Amino acid sequence: MELQFEGDELKSVLNRLRRAQGQISGVIKMIEEGRDCEDVVTQLAAASRALDRAGFAIIATGLQQCIADPGRGGADGETTEQMKARLEKLFLSLA
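The sequence shown runs 0 to 94 under numbering that gives the first Met the number 0.
Rather than coming from a laboratory, the hints here were simulated on the basis of the structure.
Be aware that a few hints might be false.
To be verified - Capping the alpha-carbon separation at 35 Å, the derived lysine-lysine pairs in DSBU-like fashion look like this:
#	residue 1	residue 2
1	Lys28	Lys83
2	Lys10	Lys28
3	Lys83	Lys10
As the list claims (entries may be wrong) - Beta-carbon label-pair distances, calculated as ranges:
#	residue 1	residue 2	range
4	Glu37	Gln3	18 to 28 Å
5	Ser11	Asp35	45 to 55 Å
6	Lys88	Phe4	14 to 24 Å
7	Thr79	Val40	25 to 35 Å
8	Gln63	Leu13	32 to 42 Å
9	Ser11	Glu87	17 to 27 Å
10	Val40	Arg85	28 to 38 Å
Computed from a prediction, not measured in an experiment: that's the story for all the values here.
The C-beta atom is built at its ideal place from N, Cα and C for all residues, glycine as well.
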């Protein structure tokens, strides 16, 4: 299944991923500098939230597209129910 993002959706997802990338780079630098543990964990939690939100946006877009056009969402020969089960498993893996 190929996701097709609209302009604003794409911008939002990419911004979240770039934010997470910057936060992870910050965590690495903080660890290398021997910074306070609580500060490192706080920054790591922020990166995790940014990734979670980006992942949710990606999956939500995929679900919307699959619901709008169920025939294009699955692998060859995959039924709608199999596709739903696969996407549900993927979605729950973010939790």
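Comparing the hints with the structure gives:
no., hint, in the structure
1, Lys28 <-> Lys83, "violated, 41 Å"
2, Lys10 <-> Lys28, "holds, 27 Å"
3, Lys83 <-> Lys10, "holds, 26 Å"
4, Glu37 <-> Gln3: 18 to 28 Å, "violated, 42 Å"
5, Ser11 <-> Asp35: 45 to 55 Å, "violated, 32 Å"
6, Lys88 <-> Phe4: 14 to 24 Å, "holds, 22 Å"
7, Thr79 <-> Val40: 25 to 35 Å, "violated, 42 Å"
8, Gln63 <-> Leu13: 32 to 42 Å, "violated, 18 Å"
9, Ser11 <-> Glu87: 17 to 27 Å, "holds, 23 Å"
10, Val40 <-> Arg85: 28 to 38 Å, "holds, 33 Å"
Hint check: violations occur at hints 1, 4, 5, 7, 8; the rest are consistent with the structure.
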